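Quick mapping for you: the protein sequence lines, in order, are chains E and D.
Sequential numbering of the first sequence, starting at 105, is according to the numbering used here.
Sequential numbering of the second sequence, starting at 10, is according to the numbering used here.
Source of the hints: derived by calculation from the structure; they are not laboratory data.
Please note that the accuracy of each hint is not assured.
Claimed, not checked - Computed footprint of chain D on chain E, listed as stretches where at least three residues anywhere in the stretch have a Cβ under 8 Å from a Cβ of chain D: (1) 441 to 449; (2) 471 to 481; (3) 588 to 595.
As the list claims (entries may be wrong) - Straight-line alpha carbon distances no greater than 27 Å define the calculated DSSO-like cross-link-like pairs of lysine-lysine that follow: (4) E:LYS445 x D:LYS144; (5) E:LYS374 x D:LYS312; (6) E:LYS494 x E:LYS445; (7) E:LYS374 x E:LYS445; (8) E:LYS305 x E:LYS374; (9) E:LYS374 x E:LYS245; (10) E:LYS445 x E:LYS335; (11) E:LYS245 x D:LYS144; (12) E:LYS335 x E:LYS305.
Fair warning: this is a prediction, and the values are worked out from it, not measured in the lab.
All C-beta atoms, glycine included, are put in the ideal place defined by N, C-alpha and C.
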Amino acid sequence: MTPLLAVRGLSKSFPGVQALANVSLEFNRGTIHGLVGENGAGKSTLIKLVTGLETPDRGEIRLDGQPVRFRNWREAQARGIALVGQEIQVVPESSITENVLLDRLATRGPLRRVDWPAMNREAERFVRSVGLDLPVTTPVKGLSAGQKQLVRIAKTLAARARLVFLDEPTSSLTEHEAGQLLGLLRELRSQGVTVLYVSHKLEEVFAVCDEVSVLRDGQHVGTRAVAGLTKAELVAAMIGREAREERLGRLPVDRGCELLRAERLTRRGKVSEVSFALHRGEILGFYGLVGSGRTETARLLIGDDCPDSGAVFVRGRQIALHSVRDSLRRCRMGYVTENRKEEGLFLAASVGTNIALTVWDRMVQRWTRRISPTAEREVGQRHVAALDIKCAGLDEPAGNLSGGNQQKICLAKWLAADCDILLIDEPTVGVDIGAKEHLHRLIWELAAQQGKAIILISSDMPEIIKLASRILVFRDQRIAGEVPDVDAPGRTYADISAAIGRYLN
Amino acid sequence: MNSTLANAPTATPRRICQRPGAGEWFNGRTNGLILSFTVLFCVLALESPTFLSGYTLFVLSRQVAFCVLIALAQAVCLVVGGMNLSVGAIGSMTTVVLGLCLDSVHLSPWLAVPAALAFGALSGWLNGALITRLKLDSFVITLSMMFIYMGLRSGVSGGQPYRVPESFTFAGQRAFLGIPWVFVLASGLLAAMAYLFRWTVFGRRLLATGGNADAARLSGIDTARMVVAANVLSGLFAALAAVLWASQLGSAAPETGDTWLIVSFAVAIIGGTGLSGGVISAFGLFMGAAIFMLIKHGLVELKANPYFANAFLGTLILLAVVVDRVREMYLERRLPAEKLAPPANP
Numbered sequence: 105m106t107p108l109l110a111v112r113g114l115s116k117s118f119p120g121v122q123a124l125a126n127v128s129l130e131f132n133r134g135t136i137h138g139l140v141g142e143n144g145a146g147k148s149t150l151i152k153l154v155t156g157l158e159t160p161d162r163g164e165i166r167l168d169g170q171p172v173r174f175r176n177w178r179e180a181q182a183r184g185i186a187l188v189g190q191e192i193q194v195v196p197e198s199s200i201t202e203n204v205l206l207d208r209l210a211t212r213g214p215l216r217r218v219d220w221p222a223m224n225r226e227a228e229r230f231v232r233s234v235g236l237d238l239p240v241t242t243p244v245k246g247l248s249a250g251q252k253q254l255v256r257i258a259k260t261l262a263a264r265a266r267l268v269f270l271d272e273p274t275s276s277l278t279e280h281e282a283g284q285l286l287g288l289l290r291e292l293r294s295q296g297v298t299v300l301y302v303s304h305k306l307e308e309v310f311a312v313c314d315e316v317s318v319l320r321d322g323q324h325v326g327t328r329a330v331a332g333l334t335k336a337e338l339v340a341a342m343i344g345r346e347a348r349e350e351r352l353g354r355l356p357v358d359r360g361c362e363l364l365r366a367e368r369l370t371r372r373g374k375v376s377e378v379s380f381a382l383h384r385g386e387i388l389g390f391y392g393l394v395g396s397g398r399t400e401t402a403r404l405l406i407g408d409d410c411p412d413s414g415a416v417f418v419r420g421r422q423i424a425l426h427s428v429r430d431s432l433r434r435c436r437m438g439y440v441t442e443n444r445k446e447e448g449l450f451l452a453a454s455v456g457t458n459i460a461l462t463v464w465d466r467m468v469q470r471w472t473r474r475i476s477p478t479a480e481r482e483v484g485q486r487h488v489a490a491l492d493i494k495c496a497g498l499d500e501p502a503g504n505l506s507g508g509n510q511q512k513i514c515l516a517k518w519l520a521a522d523c524d525i526l527l528i529d530e531p532t533v534g535v536d537i538g539a540k541e542h543l544h545r546l547i548w549e550l551a552a553q554q555g556k557a558i559i560l561i562s563s564d565m566p567e568i569i570k571l572a573s574r575i576l577v578f579r580d581q582r583i584a585g586e587v588p589d590v591d592a593p594g595r596t597y598a599d600i601s602a603a604i605g606r607y608l609n
Numbered sequence: 010m011n012s013t014l015a016n017a018p019t020a021t022p023r024r025i026c027q028r029p030g031a032g033e034w035f036n037g038r039t040n041g042l043i044l045s046f047t048v049l050f051c052v053l054a055l056e057s058p059t060f061l062s063g064y065t066l067f068v069l070s071r072q073v074a075f076c077v078l079i080a081l082a083q084a085v086c087l088v089v090g091g092m093n094l095s096v097g098a099i100g101s102m103t104t105v106v107l108g109l110c111l112d113s114v115h116l117s118p119w120l121a122v123p124a125a126l127a128f129g130a131l132s133g134w135l136n137g138a139l140i141t142r143l144k145l146d147s148f149v150i151t152l153s154m155m156f157i158y159m160g161l162r163s164g165v166s167g168g169q170p171y172r173v174p175e176s177f178t179f180a181g182q183r184a185f186l187g188i189p190w191v192f193v194l195a196s197g198l199l200a201a202m203a204y205l206f207r208w209t210v211f212g213r214r215l216l217a218t219g220g221n222a223d224a225a226r227l228s229g230i231d232t233a234r235m236v237v238a239a240n241v242l243s244g245l246f247a248a249l250a251a252v253l254w255a256s257q258l259g260s261a262a263p264e265t266g267d268t269w270l271i272v273s274f275a276v277a278i279i280g281g282t283g284l285s286g287g288v289i290s291a292f293g294l295f296m297g298a299a300i301f302m303l304i305k306h307g308l309v310e311l312k313a314n315p316y317f318a319n320a321f322l323g324t325l326i327l328l329a330v331v332v333d334r335v336r337e338m339y340l341e342r343r344l345p346a347e348k349l350a351p352p353a354n355p
């Protein structure tokens, strides 16, 4: 029997990144096929290519053995493909019926009036079959996240989908709701629907999938039947790449000088019971998947969010921070955000402004109250030189620079303010290889030579193993475990990634 | 990194007006404003025999000054990424407060004027505090405040103007070396604003807040305080305009600010204030006000049907926005294509 969907030699690259390289996969009828991999492994890209949201550079897609090329999402939909994404897209003000039958409103009469009774009856069938026990005229906005997700699945049923893509459908659901959803997937399978299930939660993959495929760095690592597969094997396949990065050496951590300590830091729904200490000259890695509580912890530490309980100690003194301004002024603590364009930079403003804005108040001239232009240029030039920022001059708008140089500007503004505690969130996302190496060395030298205490948040395992001297593994909003002495001589990449992998499942 | 040359853009695109840290006074936009102003001025001077008379110029420059003040009240809010729909209502209410102080309580102008200005600043502070505390859109807050003040001023005044003492009309009616005091004041204020936004920490933090509020907050700028401060300034400028208007008129008329809302947006937009925040130009505001008044004057000279006046104004605003957009699109096309980030896997 030909597989329902087969992709062969599928490749897609974005500027600077090979998102998917020569991937061949087959999805058999009436199965639930799991797709797993780290962030950036190419899972979403694969789904986008198959559903027509993006066009592949190379390779072919066969549906029912016939080559197809969808130019957009509607064409894929017409062939019985449906997608349920992780963000729950519903029309909040409309009723369940409208959401389920949005693209197939039944009309009657010469005025093409919407035939509500008929539609409600029709929607009722699908809504009941996903196990949602609510009147179909209920507005969707009052429903829980899980119920909304069920509405979305009812919609795919109404569209008579034969192939359903689920991209992290349970990421915003409670455990009970997630369980219900998995039950529904088995139900769909028994009706002959093929499901492609993307998830970070390996438990779910083992609970519901028949087969599982692993992607890593845009390449297909392998496909196995779930029966007989162990979780350790799967994790090894996901993260176990060869140690192709050189090590930078051992960091001279000053254990006697603790700069930052968190004790049982908790924020409901985001972070629970996080405790750790950070020392001078140390790079502490926060490894975990998106949403595991790493960035959320960083936001608590710098005062952008307030903890419900727990304490933060900076240089030995307990301190309550209420804003980033506080953490900058009182603690000399800086935070390099994960999305530099949205939260890190003023794209239309000059490089000089972007670097110096944290220290404007230190360069005010006495009588005129104006920011000394010479002082501002001096600060800008010093950091452009120190971090080797490539720009046409300090007046160049930051938006013109490449990703790596923009990232250096984000770092420079905290160095200009003499911060000796730095929280750096995903520093090399969207940065090309050469700039990535440069940023790595830069971050490492900040710790090694200037004694900065750095928290490095990253989903990139080679990066975190290369740089960190200690790694905290985050899972489900808490610290699942600690991997010490990452930079000790004799420890191999495989050894450390296995240690991290143990805490991930 | 090794791809130095590939990443260095060949030409720096010219910035439009004052952004955080921008250093230039004149650019494509201001040149366009100067050109339109010159053309309008010459046409009027040639076609209208009375235009170059001292009296016409005196009256026009005074009206330009009022436009500048009203537009400033709007522009400081636009700069932080908000807006103030209640500029006119604050102006009207300030006039009533001023009238009450002068006419009913018989306070000296030396006390009544500070009281009126304080009222303006206070109502601006209230706007700002509501916006930042309730984390609500400035549109909703200032819209409701506009109606509150308009209702209050009608209720309190009963629609009747208040009398003001003779001495109070000095600032509004007299001149300094032939230049109306109002114009001198407005120009001074505009210069101070230019200084503020170009050189001071406060001004540049205001610009940064409007440029990217998230980045500003995460770079240690107290963005809530900046929004409140901008609204206080806005209220203060509206109140100042109202006080001067009463001084010019020789009475405190409660309907003072009724036409200000449109004018404030029109002049600010023509003057190149960014509607999404982070961009202001003091010089642009001045030119915007001048062009605005010249066109209004021209319409009078042409004996255009005054009932159509608003249609002309609307067309003018639309034109200003379109011209700006076209130039931006042109500049964007000259920028190097932005590097795409790889699709982040969920």
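Hints and how they fare:
1. 441 to 449: Contact hint for the stretch 441 to 449 of chain E vs chain D: holds, 5 residues under 8 Å.
2. 471 to 481: Holds, because 4 residues of the stretch 471 to 481 of chain E bring their Cβ atoms closer than 8 Å to Cβ atoms of chain D.
3. 588 to 595: Coverage by chain D is violated for the stretch 588 to 595 of chain E (0 residues, Cβ < 8 Å).
4. E:LYS445 x D:LYS144: holds (23 Å)
5. E:LYS374 x D:LYS312: Violated, at roughly 67 Å.
6. E:LYS494 x E:LYS445: holds (17 Å)
7. E:LYS374 x E:LYS445: Holds - the C-alpha atoms of E:LYS445 and E:LYS374 are around 24 Å apart, at most 27 Å.
8. E:LYS305 x E:LYS374: This hinted pair holds, its Cα atoms lying about 17 Å apart.
9. E:LYS374 x E:LYS245: Judged against 27 Å, a Cα distance of about 23 Å means the pair holds.
10. E:LYS445 x E:LYS335: The given pair, whose Cα atoms are some 37 Å apart, is violated under the 27 Å limit.
11. E:LYS245 x D:LYS144: Roughly 22 Å separates the two Cα atoms, so the pair holds.
12. E:LYS335 x E:LYS305: holds (11 Å)
The structure does not agree with the numbered hints 3, 5 and 10 stated previously, though it agrees with the rest.
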